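Chains as they are written, first to last, in our numbering: chain Y, 4 to 500; chain C, 4 to 500.
What the hints contain is simulated information worked out from the structure, not anything from laboratory work.
None of the values given here were measured: they were computed from a predicted structure.
Cβ coordinates follow ideal geometry from the N, Cα and C atoms, glycine included.
There may be inaccurate statements among the hints.
Stretch by stretch, here's where chain Y covers chain C in the computed footprint (C-beta under 8 Å, at least three residues) [what the hints assert, rightly or not]:
{"#": "1", "stretch": "48-58"}
{"#": "2", "stretch": "100-107"}
To give an idea of the interface, some chain C residues facing chain Y are shown, with a C-beta separation under 7 Å as derived from the structure [as the list claims (entries may be wrong)]:
{"#": "3", "residue": "A11"}
{"#": "4", "residue": "V12"}
{"#": "5", "residue": "S86"}
{"#": "6", "residue": "P89"}
{"#": "7", "residue": "A90"}
{"#": "8", "residue": "V135"}
{"#": "9", "residue": "S139"}
{"#": "10", "residue": "T255"}
{"#": "11", "residue": "Q259"}
Chain by chain, the residues run as shown.
2 protein chains.
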Amino acid sequence: MLGLKHVAVNSFNENIAYIHRDCADFQADDIKILTKVEVYGGAEPVYAFLQVVDDAKLVKPTELGLNTEAFRQINLPEGAKISIAPAQPVPSLAAIKRKITGNILSGGEYSSIINDIAAHRYSNMDIASFLVASGSFMTASEVLALTEAMIGEDVIRWDDESIVVDFHCFGGVPGNKTDIVIAAIVAAYGLPMPRTAGRSLTSCAGVADTFAVLANVDIDEDKLRALVKENRAAITDFNSLSIASTGKIISTVERQLGIMQLQHLAASILSIKLAAGVTHLVLDIPVGPNSRIRSTNEAMRLRKLLEYVGDMLSLEIDAVITDGSEPIGNGIGAVLEARDVMKILRNKPDAPQDLLEKSLFLAGRVLEFDPKLRGGQGYAVAKEILTSGRALEAMNRIIFAQGKAPQPQLGHLTRDIVANRSGVVQSINNERINKIGVLAGASQYPGAGLDLLKKVGDTVEQGETLYRIHAVNSNNFAFANSAVDGNNGYEINTKGY
Amino acid sequence: MLGLKHVAVNSFNENIAYIHRDCADFQADDIKILTKVEVYGGAEPVYAFLQVVDDAKLVKPTELGLNTEAFRQINLPEGAKISIAPAQPVPSLAAIKRKITGNILSGGEYSSIINDIAAHRYSNMDIASFLVASGSFMTASEVLALTEAMIGEDVIRWDDESIVVDFHCFGGVPGNKTDIVIAAIVAAYGLPMPRTAGRSLTSCAGVADTFAVLANVDIDEDKLRALVKENRAAITDFNSLSIASTGKIISTVERQLGIMQLQHLAASILSIKLAAGVTHLVLDIPVGPNSRIRSTNEAMRLRKLLEYVGDMLSLEIDAVITDGSEPIGNGIGAVLEARDVMKILRNKPDAPQDLLEKSLFLAGRVLEFDPKLRGGQGYAVAKEILTSGRALEAMNRIIFAQGKAPQPQLGHLTRDIVANRSGVVQSINNERINKIGVLAGASQYPGAGLDLLKKVGDTVEQGETLYRIHAVNSNNFAFANSAVDGNNGYEINTKGY
């Protein structure tokens, strides 16, 4: 028996057990090879990954240390008597080996994998293996099985509502925060929209990052229910909900790897929406040569996949293929994107027109889920709600109800990137712009990002500013500057100018 | 500036930086998202993966803790002034994303990946992604590029020798420790054989595990050179050498994942042999329905791959395809395997004949690398060396020179697995037997394993013992027992009996 000690280290959702090299219960040679243990003493055994300690001040030979994640799970006080044993092998890991060699996995296998991840039986390395192994190809039934498994046990019920709508975008286009404008319009119209939003995985800002500039997004289930009842819409960081918990563990690994495969994204989005009790969902699939989805064929395959999974799980899906050839809006990065959104809601003349039009178009699609609305009227209704100021009122109510955020400052380290010749902006490379923004510190710092002053089709004079970099710290500023000097992401055409 | 603190935790070759949540140099929100940092202050910046601490006794807000791996690399005393910054993105990670989507990587890309792994710029998760992404398919030139990159800078030179031989097996067959018998015969014959051996990754015992039962295997370059000069052969745990260091980092991840892809194994074996200065190599490729390599076609493709890589890197390879349809020898697990090997070297009548014959055959192939030996004479010479007792003498000298090991005890928790009907042993499933052995505690405990009393073709009566399980602790004993009750790995044919 060992005495339990809390080692107050947070290890990205991974359970770690710290054992002294001279621990009485193990021989030094065993410890070298042993990697996973089960810790007994609590209500259920807790899986943990072993790290060896050489300092008795940290963990004594008569103790077992657990990091914060594992300590929370075992739910015992420090000093409690516990015992450990080599962990029983995790059977679902065999399925991952089958996937590496190109097999199609069954629904049962996906369900075991997800259950084992939820029970913290996978190390982050194991999760990475699963993501990469399944990332190269998955059949439609595999995506369905993964989605179903990821919904989990807890589902939010909306007994008072006949339909519950939501909107989500597949990403790959910097800027493009239609979500917040849509939520305001839908709230003003009166359909319930519990928008479960994510933090950025690989982009300059997730919807939750951008909305966090305006309001508190740490909203749990009860609060969400109350907010939607009161204001019809709310935007919550999905991590603050307890639903679809495996998705959170997986996305921690995806963020660290910087990898996000399309089919995982599909399963992740749909499982969260289903767990949130959404019945009707508009999905935006932007297509562009430098977007996440590169061709209309690929977008069409994704749309059919989404429709298939939605049909099988009784989720009404309207998947819309949109133009993702260049960034949408001017601001890229949370603070700048929030500025654009508020300009649109305030009907400012300098609001970005591309973001405005796209938001109205998509909001119209969401509104048309309402059986009472005549087909084809969505756009016009959305536009009326926006221009009348009702959308702004709704947004102000939402922000007030969720709690106004202490708005972070825009990064004060700036550099204007200028045109090296006169001409017309021919293209703006989404991936390059995203990369420069991430190097500048977005999404890590809400105030970091890029402000695009010119878009495709705009005329520029040599020396005129194309965009402005905002960084919060000097390291990121240097990274972004050095990346820009290689390739600033803009192509300028001088022909016929 | 922060004060350096050594947090004496060993984290499987991964650099970890421990930062207090209230660290003055970062805001709490940044820490949530930041995962990799560069630590400045030593001769070179050290990459580390960030974990957040909530206990000032562990790391103060004015300190930065480094785990043992990272603390060794920064090579500064505790209290030294250091600073940290977000890590610059690792460019070679982009190559891994290319591999996930099915691309062929260039030599330059493999070289960058291996350099970045060697410089500890990859988290174990990143390494897992690389292994899984490249695990499903690699071209011959990709395997060549990976092998070349993994050789590294340090290569052992044997200026006094015209040829340096070695032997390695691709595994998948329990038992099968021909290696130690071969080393004894080759040493007695007089060819230099610096056998770089591995610890088990997924099997019941690696060659280094088994030889560690007999002798010390922690042998560094200088000692290896002296031993080979003195006795012509030595068997070292490759981890105790400083060569091919990336291979060690990668194999730590492979062991934790329990995944070992054939092409990585090929690159790993060949790079270690080349770094060890080997010029002539016999490779054993066992083929069987439950072995690592399942068909003769697959074995032939592997042989051609090995020959191609060997030719390009000036390593003479004799790749031999052998029968891997059932375990070889009786003992499975380090102590039992060492027993079998010593029985053979001592010419005991109860020595396992299959292991004896295979060892002589393969030792003969190694001996035939000697230009002075007439073609086809290898086997006969090997047999004469063994039966005359010269192989035993050579082995005793090797053991004495390396340092005799305190022989671990055979596991005292035993169970005899008996035939449930009379008949003839039709087949023994390698994978199942290996799994039961691993569950029983092999390779973690040298004394754990299986002792096979019956082999394919043997007649058994109902109730007669097929094999005996040896376990060291009750948990493993229970795991093995419950696995055996499902499927003991033996098939008994009653027809015509």
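Measuring from the C-beta of C:A11 to each C-beta in chain Y, is the shortest one below 7 Å? holds (4 Å)
So, as I understand it, the hint says C:Q259 touches chain Y; can you test that by seeing if any CB pair is closer than 7 Å? holds (5 Å)
Would the stated hint for C:A90 survive a check requiring a Cβ distance to chain Y of less than 7 Å? Since the shortest Cβ distance to chain Y is 9 Å, the answer is violated.
Hint check: is the beta carbon of C:T255 less than 7 Å from a beta carbon of chain Y? violated (9 Å)
How does the coverage statement for the stretch 100-107 of chain C fare against chain Y, requiring three or more residues with Cβ below 8 Å from a Cβ of that chain? holds (count 4)
Restraint satisfaction for C:P89 [CB to CB of chain Y, less than 7 Å]: Check passed: Cβ of C:P89 comes within 6 Å of chain Y, closer than 7 Å.
For the restraint on C:V135, tell me whether the closest CB of chain Y is nearer than 7 Å. Since chain Y brings a Cβ to about 4 Å from C:V135, closer than 7 Å, the hint holds.
When the least beta-carbon distance from C:S139 to chain Y is tested against 7 Å, hint result: holds (6 Å)
Could you check if C:V12 really has its C-beta closer than 7 Å to a C-beta on chain Y? holds (5 Å)
Minimum Cβ distance from C:S86 to chain Y below 7 Å? Because about 10 Å separates C:S86 from the closest Cβ in chain Y, which is outside the 7 Å limit, the hint is violated.
Using C-beta distances, would you say chain Y covers the stretch 48-58 of chain C, given that this needs three or more residues below 8 Å? holds (count 5)
Checked against the numbered hints above, the structure breaks hints 5, 7 and 10 and satisfies the rest.
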